[in-house]
Structures are given as structure tokens and as C-alpha cells.
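Using the sequences and the hints, build the whole thing.
Protein chains in written order, with UniProt numbering: chain D, 1 to 270; chain Z, 1 to 270; chain P, 1 to 270; chain V, 1 to 270.
These are computed hints drawn from the structure, not numbers from a lab. It should be emphasised that the depicted structure is a prediction, and the values quoted were computed from it without experimental measurement. Idealized CB from N, CA, C, for every residue including glycine. Incorrect hints may have been included.
Stated by the list, open to error - Per the computed footprint, the stretches of chain P lying under chain D, defined by three or more beta-carbons under 8 Å from a beta-carbon of chain D, are:
(1) 18-24
(2) 260-266
To be verified - Short, incomplete list of chain D residues facing chain V, as computed with Cβ under 8 Å:
(3) 21
(4) 24
(5) 31
(6) 62
(7) 158
(8) 166
(9) 168
(10) 173
(11) 219
(12) 222
(13) 223
(14) 234
(15) 238
(16) 245
(17) 248
(18) 260
Number of protein chains: 4
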Amino acid sequence: MTISEDEAAQWWATAVSHIEPGSIELRDRPIQQLIGEVGFVDIIWLLLRGDLPSSRQSALLEAALVAGVDHGPQAPSIAAARMAATCGVGLNNAIATGVNMLGDAHGGAGQQCVEMLTDVRTLHEAGHTWDAAAREVMDDWQRRSRYLPGFGHRFHPRDPRRDPLLALVDQAVTDGIVAGDHLRAAQAVESALARRRGGARPVPMNIDGATAVIYAELGFPPPLARGLFVLSRSVGILAHAWEETGQGRRNKGPLPRSVLPARLPPQQQA
Amino acid sequence: MTISEDEAAQWWATAVSHIEPGSIELRDRPIQQLIGEVGFVDIIWLLLRGDLPSSRQSALLEAALVAGVDHGPQAPSIAAARMAATCGVGLNNAIATGVNMLGDAHGGAGQQCVEMLTDVRTLHEAGHTWDAAAREVMDDWQRRSRYLPGFGHRFHPRDPRRDPLLALVDQAVTDGIVAGDHLRAAQAVESALARRRGGARPVPMNIDGATAVIYAELGFPPPLARGLFVLSRSVGILAHAWEETGQGRRNKGPLPRSVLPARLPPQQQA
Amino acid sequence: MTISEDEAAQWWATAVSHIEPGSIELRDRPIQQLIGEVGFVDIIWLLLRGDLPSSRQSALLEAALVAGVDHGPQAPSIAAARMAATCGVGLNNAIATGVNMLGDAHGGAGQQCVEMLTDVRTLHEAGHTWDAAAREVMDDWQRRSRYLPGFGHRFHPRDPRRDPLLALVDQAVTDGIVAGDHLRAAQAVESALARRRGGARPVPMNIDGATAVIYAELGFPPPLARGLFVLSRSVGILAHAWEETGQGRRNKGPLPRSVLPARLPPQQQA
Amino acid sequence: MTISEDEAAQWWATAVSHIEPGSIELRDRPIQQLIGEVGFVDIIWLLLRGDLPSSRQSALLEAALVAGVDHGPQAPSIAAARMAATCGVGLNNAIATGVNMLGDAHGGAGQQCVEMLTDVRTLHEAGHTWDAAAREVMDDWQRRSRYLPGFGHRFHPRDPRRDPLLALVDQAVTDGIVAGDHLRAAQAVESALARRRGGARPVPMNIDGATAVIYAELGFPPPLARGLFVLSRSVGILAHAWEETGQGRRNKGPLPRSVLPARLPPQQQA
Chain D
1 MTISEDEAAQ WWATAVSHIE PGSIELRDRP IQQLIGEVGF VDIIWLLLRG
51 DLPSSRQSAL LEAALVAGVD HGPQAPSIAA ARMAATCGVG LNNAIATGVN
101 MLGDAHGGAG QQCVEMLTDV RTLHEAGHTW DAAAREVMDD WQRRSRYLPG
151 FGHRFHPRDP RRDPLLALVD QAVTDGIVAG DHLRAAQAVE SALARRRGGA
201 RPVPMNIDGA TAVIYAELGF PPPLARGLFV LSRSVGILAH AWEETGQGRR
251 NKGPLPRSVL PARLPPQQQA
Chain Z
1 MTISEDEAAQ WWATAVSHIE PGSIELRDRP IQQLIGEVGF VDIIWLLLRG
51 DLPSSRQSAL LEAALVAGVD HGPQAPSIAA ARMAATCGVG LNNAIATGVN
101 MLGDAHGGAG QQCVEMLTDV RTLHEAGHTW DAAAREVMDD WQRRSRYLPG
151 FGHRFHPRDP RRDPLLALVD QAVTDGIVAG DHLRAAQAVE SALARRRGGA
201 RPVPMNIDGA TAVIYAELGF PPPLARGLFV LSRSVGILAH AWEETGQGRR
251 NKGPLPRSVL PARLPPQQQA
Chain P
1 MTISEDEAAQ WWATAVSHIE PGSIELRDRP IQQLIGEVGF VDIIWLLLRG
51 DLPSSRQSAL LEAALVAGVD HGPQAPSIAA ARMAATCGVG LNNAIATGVN
101 MLGDAHGGAG QQCVEMLTDV RTLHEAGHTW DAAAREVMDD WQRRSRYLPG
151 FGHRFHPRDP RRDPLLALVD QAVTDGIVAG DHLRAAQAVE SALARRRGGA
201 RPVPMNIDGA TAVIYAELGF PPPLARGLFV LSRSVGILAH AWEETGQGRR
251 NKGPLPRSVL PARLPPQQQA
Chain V
1 MTISEDEAAQ WWATAVSHIE PGSIELRDRP IQQLIGEVGF VDIIWLLLRG
51 DLPSSRQSAL LEAALVAGVD HGPQAPSIAA ARMAATCGVG LNNAIATGVN
101 MLGDAHGGAG QQCVEMLTDV RTLHEAGHTW DAAAREVMDD WQRRSRYLPG
151 FGHRFHPRDP RRDPLLALVD QAVTDGIVAG DHLRAAQAVE SALARRRGGA
201 RPVPMNIDGA TAVIYAELGF PPPLARGLFV LSRSVGILAH AWEETGQGRR
251 NKGPLPRSVL PARLPPQQQA
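As C-alpha cells, this is what we get:
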């Protein structure tokens, strides 16, 4: 009995790349025409979308990728990658350990924020003012979660990455590179949130919100906000794992060894 | 063009299990004859080796699996799994995060110790006394590494798991369940090490050494010492990840949030 | 400036285990009292719940753990672990690769099924017949998903693990070991499903459903259905990764090397 | 009892980044001075090394990063990431699954090749001709392994990425951007290998060899050849995982479902 080779070949069919002996094509372009000709950010765009960005689109994507590379060892993904690097595994395994932790709570806010901004835009297109659209979507979101994805930061009163990123989007809107709808949606949410909190500490857009604006303005679907953040944060994860490797620790735990975790009484068990 | 179905089927050929519609065989035994009839430890043995252990062999393997289940959050694998559980990923991803860190330095000592004890036994079979064999292998090992796998513990002056495990092996040797060669090899290394250190703090066998004796006596090849340890420690990893889930933290870092990691001057970079 | 040591110790506080130099306690029991005394399945229960099961509770849990150990290389988790084992990583990394893939679609059905059965039981306690409760919960579930977790199998017309597992639960109900509410809930769903499908191919309970009944009857919360399945399937993942190691392949792909994945035209891109 | 906060802070000390409320510094540079000003490739260099590259150094690194992004679903890492994407895990978990498999055999050749080229250069500096140095190092390497890292490709008679990458290094040597010693070492190995094989099919430098030349010429230590490859290949892993997500499969195995893995007889067990 046989199956056609085509059946097996179709099971793994892909438009991303095509490889034959002596030939590598990425999105139907021979690799030798890309090496030295196309930048790393452009090839990210090409593989994900099938075409090449304009230089201004690429610059906007690049700024978002640069902004997210690292947030230090207080981030669980960075800490875990550093610990993994001391456990006798390859650098790739240490990076995978960190990337694996960029889940819904740690790396998913950008994805959720793109969804939220898209909802605001949809309501606005249906006739709501930006403010009314923002408030309705916020209400809906806050019914389901106490976190509004992309706004506020547990650590920074004002995320230092917000202003430079939004300035770049602003300029891109002015220059007609992107439409600006998601920027307006995000600003509407930020304003409504500030009014709602009255005199309380404001919760301005954070890195996830500002990069979500960029990814959404460039037309990336929500899950790719997380995917692109992974590419960005992988840089910091690698840098930290590599630095830790050079420090010679072995089986590094979360605390200096003299500190013993406390005993939780049985009645407090989860 | 076709390939034979057999070629594709052979690419994934296995003796571990065979699945057809309505039928599941593990090592050629129908699953319905195993459920409720064969214990969990026995099925571990069956899948790895193709036959079933005697009840005494199974009891020895079980003791080793029980001994290694947990060593608290100071272990990087446990800490990372707990942190992962707060990042918005599934419990399986949290477990994978911990297991991924059981590398050469964190989970590989048992594997290395089985290799070392086997070397001692081989020299003894070639005519060396146990002591001479142990000293020669130790010398060789210590030329390559400052750690002698399976001996000493950074935390416990005497690992509390050593004595009960070795007592079980002792009894199994007395009863003719296992041959005892790897036990003698380990004891020879432990004695030689104690003499070599003179009055200094002794470095008795640890959990990796004592379980390596068991795995080797039962005939498991060295890499399965790591594999079996992974099955054992997965229990603690799961229990800790689950407990953390119940505590409601989000993106838990390695330190309380008030503590900021220190700034390392550039000249100390790795 | 100082923080109290207690603050750092509390950040990692746990009731699962307590380690001090020379002492290891699991759920407040010295490890040396557990080794050789308590079985592997019992220690799983102990670490997750803080107490020890009765021998009949333990036997029921053991049957569920045995039933799920393997489903061959057609399962993506098994295939990925085998491929990982040929890529030059440790056996622990190969296992982690497989475990990481036991997500909502591959390893989460048990968890979802426990939730569903609990909903059925809650409605029954509120006065519905078992049948009415089952139909209402099924309707609700099927509005959200085309899969009813724990019922039907893409491969087996009738899962060979269903009958032996349910026979054990039946006996345990008869003997007063478990209450039987979740079993009745599952049977009600199975019957309602059969009637609804009329003469069409029935979709009987599968491994996820039958083990969900056991986990729920034993009082495990839904996420632990996934956690326990991970412990079980890790055995098969290890056995397959280890077998692959012995076959000497290097960088094994999903298809024999002569088969090239087909080229998907650009317009079919995701 | 207290520990100094500094002790905990020092445990996680790093030169990579420094975060305080309202401030993020990467290698002592405020993030707001990097966003929109520094490219993504430059920030990779900055985080790994602490300084910024010249534009020509950056272009060389960029070409290497572009060259390695993808090699299709026949690569186990790509296939596993695609399978993971159908299992109900986040896109970050799918990427981690692929990255985790870039081990010594799948992603480590670049690292090994940098080590080998550095050995050749060291012998040359000690007085050997390039050819004699290459032959001695090759002999030494081939005694330990049947693979010479960075040369030959199981799939491509001549890797299409070799020529464009080496042309860029050649130009950089001509222009005084890099010294060219590692390029000469690699060419010496390639020539010696061709002569040794006589009329047999030659084994020219592959992607791992050509990028190893670039990484070594730019001064990256060997393990970062693997680290940088991980950053590069993560792009293809993401693109494939994302494409698979759009195809709607669930629990995709390695073969079309009609093909059952063959039964391996017990005597062939590993």
C-alpha cells in the first residue's frame, strides 16, 4: 500500500519557505537575493506577511522591537533564563526557558491591547465618538479583568518608553505612513482612564500599549503582538543568560543560599 | 510520484507502543490488561525496558522515585516553575519550564554517577581491589571536574535520603535481588574520599549517588538515571507550581518587589 | 538599608516542603520516614494535597496514571520529544519539549471535563434530573466549542481505556470509596450524547473523560487533571525519547528526507 | 534577623540593564535615547557587548542574522513549533518549543565552528602555515566526531548562503573592517577538505561555517554563535507557528492521520 508522496508533502505544505537541494527561497525569494540586501527587521516582516515593508514602516516596527528588549532580572522570564544558564543546559535551552514564560500575564498584554484598540476602532466606525467607544470597551474589559492591557505599570509611574514610541507614531500619522486610528483609540482610552481616576495616580500607556499601537497601525493581527514581543525580549533573555554564564554560579536559586524559604502552615495551603 | 506508506510508517517505527483504531498496546500488551492490574512504577519499567519488574525490583525503583520528588524553592527548577505559574501559561508549561532546567549541573549528577560507578566496577572486574579501582576512577574524574557526581551536598552535611536508600539496597543484596557491585563501588568511593579528606568535613553520598546505586543495580543505563529523576522531580515541580497558582501572584519575580537588582559596573561584565 | 530576612523568606514560603541543613520534610513529614514506606502514587497525592490517600483511593489514582502513559508518535508531544532527542540536547530537555505541548487542545481536555462534570453535578444538586442537567451543560459547552471535552476520539471509535477505568470507579462507588456523582454526571452526558446523535457513530467517553471522572471523584480540582496527566504522559515521552536516542538519528525531521514539504501558494497564506 | 538588602540585590546584580521607577537603562543608556535612534541589530550588539557597533560591523552581523532565519519544516525545530501551535498553547510556548531544540546537533555547529577556526588561527599565530594549521585541527576534530562543524550539508550540495556571506566578509577585510584571520582559517579548512576528498563530492562551507566566520571576525565568543543563531531562527519559528495557527489543525502529528507508525519488533529495541 502506498500514499502519494504528495499527501505527505501537503501535510507540511508552507508558503513561508521552500527548500530544494541547492535552493532556499523565503516567501518565493531566493535567499542569496536577501542576504546583504534586506535588513533583519525587513526579513521579520517578510516572513510573517509575505511582502517587504517600506522603509518608514520598517522603522516603526524597528522602534517597537528595540523598546521591548529587556526589563531586568525582576522579570520572571529573565530571572528564569539566568537560573537555567547555571544548570548545565545549552544557551538555546536557557532562552527557551525564558520565552516559555512570556504567557498571557507576562507577554500577552500587547496582544490583548491590540484586540481592545481594534474594538474601540470598530465602535467608532459604527458611529460612537472616540470617547464613548473607549469608555464602552473599557467597561466591557474591566468586567472581565482588573487589568486593562497596555495601561499602567506595576513599577513605573510613567513608562519611559511611552513618549518616544508615541512620538514616532504621531510623526508617521502626520506623514501618512499609517492611518492613526489605533493611536486615537489608545489616546481615548488613556484620557477616559485619567478622568475616571480623578486625582488618583494616573495609569498612562505602558510599553505593551505603545507597541500595540504600532503593531496595530502596521496591520499585524493581535497574536503577532505577542510573537513580535517574543522576538524583542529574546534579545534581553540571551544577554542576561550569557552574562550569568560568565559569573560561574552553579544551580543558582532565587535567593542567596543563606536564606531559607519560610514554612507555610498547612491551613494556608492552596 | 509516491513513497511507500511503509517508508513513512518506518520513519516513526517504535517498539514502545502500537496504536490502531480501537487498540492500544504498550510493549505489545493491550492497555486494558494493564489498567488496574499493573502499578505506575511497573509501567514506568515496562515502557522503558519492555518487560515487567519483580515486586522487589519495583519496590527498589519506587524508593528511588519517592526520594527525589522535591527539594524546595531554593532549587532553580522549582523556583522557575513557580514563577512560570504566575505568568499566564498552562500548568503543563510551568512543569516543562522546571523540567527543562534539570540539566547536566542540576539533574545530571545521577547519570554521571552511574557512569563513574560502572567504571569502578569494570576496573574491579579487571583485577583491581575495590579501593584501588575507586581511587583510580576518582583521580580520573577529579582531573576533569571539581565535582565528584553523587557525593557531597552544598546544603546538607549529610543528605538525609542517603541512609534509608542504602539500607534498602543492602537488604536487596542480602536477599539476592540485585548483585551489589555498584553498591560496593559507591561505598569504596565514599571511603576513599573520607580518607583523602582526613579530618575535614566528610562528603558522603547524596541523593544522586544513592539513587544512582539503585538505578545501576537494577540495570538502567546511565542516561535513564536522569530520565527517572525527571519523572520523580516532576511531582515536586507540579506541587509547587500548583501551590503558587493558588496564591494569586502575577508575574512573580525572584525577589520581593521592593528590592532592585544591583548595578554591575561595566568592567565586571562577562 | 536592609530588608528583614523574613521578607525574602516569605516571598518563597511554601507548605509543600521544608528544607534545612540535614533535614528534608515533605508536607511536614521527614523524608526518611517516607522512603521505602510510602509508594510513588501516594507521594504524588501527599505533595499535592498534604495528606496521604487510603489504599483504595491510591489504587484509583494509580489506574488513571497508568492509563494515560502513552499514545504513540502520532501524538505531537511524543513526536516532538523524539525529534528533540536527536538534536543534541539532554533527555530532560527532550521531555520538557513534549510536556510543553500538552496544552489546552492536547492535554487540557481532562481539566475541561472535570469542570463540565462539576457543572452537571451542581445543576443536579439544584434540582435538575441528571439527564436535564447533562443536556443543559452540553448545550452551553457546545455553544462555545465544537469539542465536548472527554467524549469521542479522533482515532478510536471506542477508546479501549474507557471500560476498565469506569469498571474500577463503579466498584469504588459500590464499596463506598467515592460518592459516584461525577460518574453519574459523565454517564448522563454520554447517554444524552448518544440519543442526540441518533443512529450516527456514537462518541463514548475517552481517556480524558474516564480519568476526569476519577480525578473529580477523588476530589482533585480541575487544573490538577491536567497536572496529573502530565505526570502520566511524561512516562511515555521519556520512553520514546530514550528509544529514539538509541536509533542514532541526527536532527530527525517529521518526514523521511526524500519528501520535500509542498509549496503553498501565496494566496493561501494564513 | 536580617540580611542586607544589598546582599539580595547583589545576588541579581547585572550590567545589562538597570531599572528604577520611571527609568530604564540598557548598558547604562536611557531607553528613551535608544528608541528610534538605534537599530534592532545594534541593540542586540549593545546588550551582548556593552558598546555599539560601527555601521559596517552592524551590517555584517545583520547579514548573518538574515541568512539563518529559516530552513523549512524538515528542520525538527520548525516542525515541532508548528505542531505545538496546534496544541492549544500560546505563541510564546510554540516558539520556546522550537528554540529548545536548537541543541548541539541542530543549533550548535556555529559555536563549534568558531572554536575550530580559533584553534586554526592560534596554530597559525604559533608559526604553522594556514594549511598545516587547518590540517592539524581537522585531524584532531575528526578523531572526536564524524562531523566537521560548519562544512558540508546533508541537503545542499552547495549551501546557497555560503557565497553571499563570504563575499561580504571579503569586502569587509578589504575595507579594514575586520582582520580576516578567521576567514583565512575557514578557507584553509575548506581547501584541505577538498584536497583530502580528491574527486569525491566536495563539502563546502555551510551556513554554520559562513556565519561562524562572521561572528568570529566580529569578536563574539563561541557560545554566542549559538545565541545569535537562536535570535535569527526564532523569526522562522514564529512565522511557521503563526502560519500553522491559521490552518486550523488540532493536535497535528508528524504524518497524515491515515499513516500508522510501524511496529518495531522487541529485539530491535534501543
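Evaluated hints:
no., hint, result
1, 18-24, "holds (count 3)"
2, 260-266, "holds (count 7)"
3, 21, "6 Å, holds"
4, 24, "5 Å, holds"
5, 31, "6 Å, holds"
6, 62, "5 Å, holds"
7, 158, "6 Å, holds"
8, 166, "10 Å, violated"
9, 168, "5 Å, holds"
10, 173, "15 Å, violated"
11, 219, "14 Å, violated"
12, 222, "10 Å, violated"
13, 223, "5 Å, holds"
14, 234, "6 Å, holds"
15, 238, "5 Å, holds"
16, 245, "7 Å, holds"
17, 248, "14 Å, violated"
18, 260, "11 Å, violated"
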